[in-house]
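S.K.: Whenever a hint applies, use it, and build me the whole structure from the sequences.
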Amino acid sequence: GESVGLHLPTLSVQEGDNSIINCAYSNSASDYFIWYKQESGKGPQFIIDIRSNMDKRQGQRVTVLLNKTVKHLSLQIAATQPGDSAVYFCAENSGGSYIPTFGRGTSLIVHP
Amino acid sequence: DGGITQSPKYLFRKEGQNVTLSCEQNLNHDAMYWYRQDPGQGLRLIYYSQIVNDFQKGDIAEGYSVSREKKESFPLTVTSAQKNPTAFYLCASSKGTGGTGELFFGEGSRLTVL
Chain A
1 GESVGLHLPT LSVQEGDNSI INCAYSNSAS DYFIWYKQES GKGPQFIIDI
51 RSNMDKRQGQ RVTVLLNKTV KHLSLQIAAT QPGDSAVYFC AENSGGSYIP
101 TFGRGTSLIV HP
Chain B
1 DGGITQSPKY LFRKEGQNVT LSCEQNLNHD AMYWYRQDPG QGLRLIYYSQ
51 IVNDFQKGDI AEGYSVSREK KESFPLTVTS AQKNPTAFYL CASSKGTGGT
101 GELFFGEGSR LTVL
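Protein chains in written order, with our numbering: chain A, 1 to 112; chain B, 1 to 114.
For the record, the hints were derived by calculation from the structure and aren't laboratory data. Since the model is a prediction, treat every value here as computed from it, not as a measurement. Just so you know, nobody snuck in bad clues.
Here are a few chain A residues that face chain B, going by a calculated C-beta distance under 8 Å:
#1 32
#2 43
#3 44
#4 46
#5 49
#6 89
#7 100
#8 102
#9 104
Glycine included, C-beta positions come from ideal geometry on N, C-alpha and C.
M.R.: Now the structure itself:
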């Protein structure tokens with residue numbers, strides 16, 4: 001069936017490094033993607049989104065890249081800080097659906 | 001401040017007991033959702049509701065029940081029929097149809113069955 005998945009369950013980086021979290025999706029009809037950050041014991045929070053008519057979108061220290069050819073989504077975090085340590089989920093919507101499909105999540109660990 | 005409030009944050013239950021988790025939102029959102037999260041896992045949809053007095057089963061609805069009597073409230077009952085209820089439960093809301101698809105989450109309720 002259609003699914004959204006992540007390549008790496010855990011990513012460890014040093015403070016100050018750039019982090020890249022990847023997400024593969026299989027539903028070619030997906031037209032809206034969101035990255036969420038979930039800190040330990042809390043609910044996920046919106047980080048950044050991108051529509052399928054875009055390849056790249058930048059926020060504050062974060063950039064989302066979308067490659068529709070290979071159905072790949074990535075989240076780049078610049079100058080990673082200890083406060084960035086969390087689980088990151090990608091989610092996709094298709095056809096105006098308000099029911100997103102979530103990926104498994106990647107745990108980002110930032111070492112001071 | 002606008003947001004979603006879940007209660008209780010922690011809950012312990014004996015086997016065979018039903019428990020109800022509360023979820024209230026003041027964002028004036030039409031759609032509300034319940035997800036289950038197990039350790040090292042993603043979010044699995046239990047139930048969702050787009051409008052008052054209407055709700056649909058998600059991927060893992062067995063052993064759960066919900067109601068949507070008010071727009072602001074979407075309580076989840078974990079029944080004794082749920083075989084493995086120990087988990088972290090997340091409630092969310094969104095604008096629903098016509099919205100962007102962004103979900104706003106509560107802080108979660110951790111249920112432990114003793």
